[in-house]
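Enquirer: Top line first, the protein sequences correspond to chains A and B.
UniProt numbering puts the first residue of the first sequence at 1, with every later residue one more than the last.
UniProt numbering puts the first residue of the second sequence at 1, with every later residue one more than the last.
One thing to keep in mind: the hints can contain errors.
One copy or any two copies: either way a pair holds, since identical chains are not told apart in the list.
[Unchecked claim] In silico SDA-like links for lysine to any residue, alpha-carbon gap of 25 Å or less: (1) K214 - A193; (2) K214 - V188; (3) K215 - A193; (4) K214 - I180; (5) K66 - P206; (6) K145 - P186; (7) K125 - G56; (8) K148 - R165; (9) K214 - R44; (10) K145 - E119.
These are calculated hints, taken from the structure and not from any lab test.
Protein chains: 2
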Amino acid sequence: MNKHALPPYAQARQPRRARYDEETINDILDCSLVGHVGFIADGRPMVVPMAYARWGRTVYLHGATKTRIVALHSDGDPITMTVTLLEGIVAARSGFHHSMNYRAATVHGVTRLVTDPGEVEQALKLITEHLLPLRWNEVRPMYDKERKATGVLALEIEAASAKLRQAPPADDPEDHDLPIWAGVIPIVTSLGAPVGDGIGPDVPPPPSTHLARKKFA
Amino acid sequence: MNKHALPPYAQARQPRRARYDEETINDILDCSLVGHVGFIADGRPMVVPMAYARWGRTVYLHGATKTRIVALHSDGDPITMTVTLLEGIVAARSGFHHSMNYRAATVHGVTRLVTDPGEVEQALKLITEHLLPLRWNEVRPMYDKERKATGVLALEIEAASAKLRQAPPADDPEDHDLPIWAGVIPIVTSLGAPVGDGIGPDVPPPPSTHLARKKFA
Chain A
1 MNKHALPPYA
11 QARQPRRARY
21 DEETINDILD
31 CSLVGHVGFI
41 ADGRPMVVPM
51 AYARWGRTVY
61 LHGATKTRIV
71 ALHSDGDPIT
81 MTVTLLEGIV
91 AARSGFHHSM
101 NYRAATVHGV
111 TRLVTDPGEV
121 EQALKLITEH
131 LLPLRWNEVR
141 PMYDKERKAT
151 GVLALEIEAA
161 SAKLRQAPPA
171 DDPEDHDLPI
181 WAGVIPIVTS
191 LGAPVGDGIG
201 PDVPPPPSTH
211 LARKKFA
Chain B
1 MNKHALPPYA
11 QARQPRRARY
21 DEETINDILD
31 CSLVGHVGFI
41 ADGRPMVVPM
51 AYARWGRTVY
61 LHGATKTRIV
71 ALHSDGDPIT
81 MTVTLLEGIV
91 AARSGFHHSM
101 NYRAATVHGV
111 TRLVTDPGEV
121 EQALKLITEH
131 LLPLRWNEVR
141 PMYDKERKAT
151 GVLALEIEAA
161 SAKLRQAPPA
171 DDPEDHDLPI
181 WAGVIPIVTS
191 LGAPVGDGIG
201 PDVPPPPSTH
211 LARKKFA
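Okay, chain A solo, but in the shape it has when bound (with noise of 0.2 Å):
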């Protein structure tokens, strides 16, 4: 997507921190545990973490239906989604250029409540696999109460962005020679071995758990 093409909005201040092509912007969405969720509800900013799955330009998410972004929205309200990944702790040699390290991505759309029983369930095997790939078949199948005790929003994105910052400090030249130590501290987040909940039969981690940590790895 060209950033001239994208609503102002959309359009990042620090331009040498923004990318606005697909891919960079799917593989963020793709890599993340959680997003943050942002929509109006009278008349006030609201931000939930939930968990979702992007399929193609929509993101689904889900929560019971009873939920305020569920029950409160209207199809074709403006909704935001942000997912960051923190990659770093920047420490320079002024207080001034201290920074963080992160790939994040937004995507900006409207809502769509996800109605069609097909559509439903496919969005909620994204979600569910999302982060656990391949989880969907290794469970017993959904029951029609549940399916409609969940709520299905797409977020169809009209536009999106990325940011990016993944260097050493940006210290001024002539702090160069200071005595003070400047680098990065690493934001490691990683998977840890699958416990089981020690309920019913003897039955070792399944694939999906093995694909979650390949993935988040």
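Model the placement of chain B on the given structure of chain A, informed by the hints.
Expert: For chain B alone, kept in the frame of chain A given last:
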């Protein structure tokens, strides 16, 4: 804070996961590296990942003076911030009961542009030391021009809540005997060994880097 003293928008829907005591909320705010800040711009919801620091019932945010959130706000605009600490993927025997373990805190309030030079410097010190404890006195003093290029926004907290899930899967009892693995895959976030930028005098990583690794361990 008593739940019923809060405005409806700040009350959680699922009472068993909600907490309203300041100790729980502040602990989450003080332990996270990044906040997702929500505001409204031109009628649209915006969510921006930001560094921050809490001081009493104020959350300080900063950005270049030209950023949207600093340049376009008016004092008293509604603003919100959510911080989320992910702790595990919860794999159940049914798709329906899949979940995440996490601690999240949301603060709602209004903006105030910080203009007093003393409060600006104090806020910038707090934000830096939220990431790197005691860092401020390790670096060179701030220039006036740097202070002028940095906008500091206070989010004055009016209402806050936390949501926690820290438990094994909550399967239906009739699913317990199915030959399906269920449990938690822990999500672990940690700081790696500091990586110097290799410029200037050879100085070892200072106390702030060790303190950060302890704080976010």
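Enquirer: The structure should be examined with respect to each hint, and the outcome stated for every one.
Expert: We went through each hint and held it up to the structure:
1. K214 - A193: both (12 Å within a copy, 22 Å between copies)
2. K214 - V188: For K214 and V188, both the intra-copy (14 Å) and inter-copy (14 Å) Cα distances are at most 25 Å.
3. K215 - A193: Classified as both; 14 Å inside a copy, 23 Å across copies.
4. K214 - I180: between (38 Å within a copy, 21 Å between copies)
5. K66 - P206: For K66 and P206, neither the intra-copy (33 Å) nor the inter-copy (50 Å) Cα distance is at most 25 Å.
6. K145 - P186: neither (45 Å within a copy, 30 Å between copies)
7. K125 - G56: within (15 Å within a copy, 43 Å between copies)
8. K148 - R165: between (42 Å within a copy, 23 Å between copies)
9. K214 - R44: neither (39 Å within a copy, 37 Å between copies)
10. K145 - E119: Cα proximity of K145 and E119: one copy only (16 Å, versus 55 Å across).
Checked against the numbered hints above, the structure breaks hints 5, 6 and 9 and satisfies the rest.
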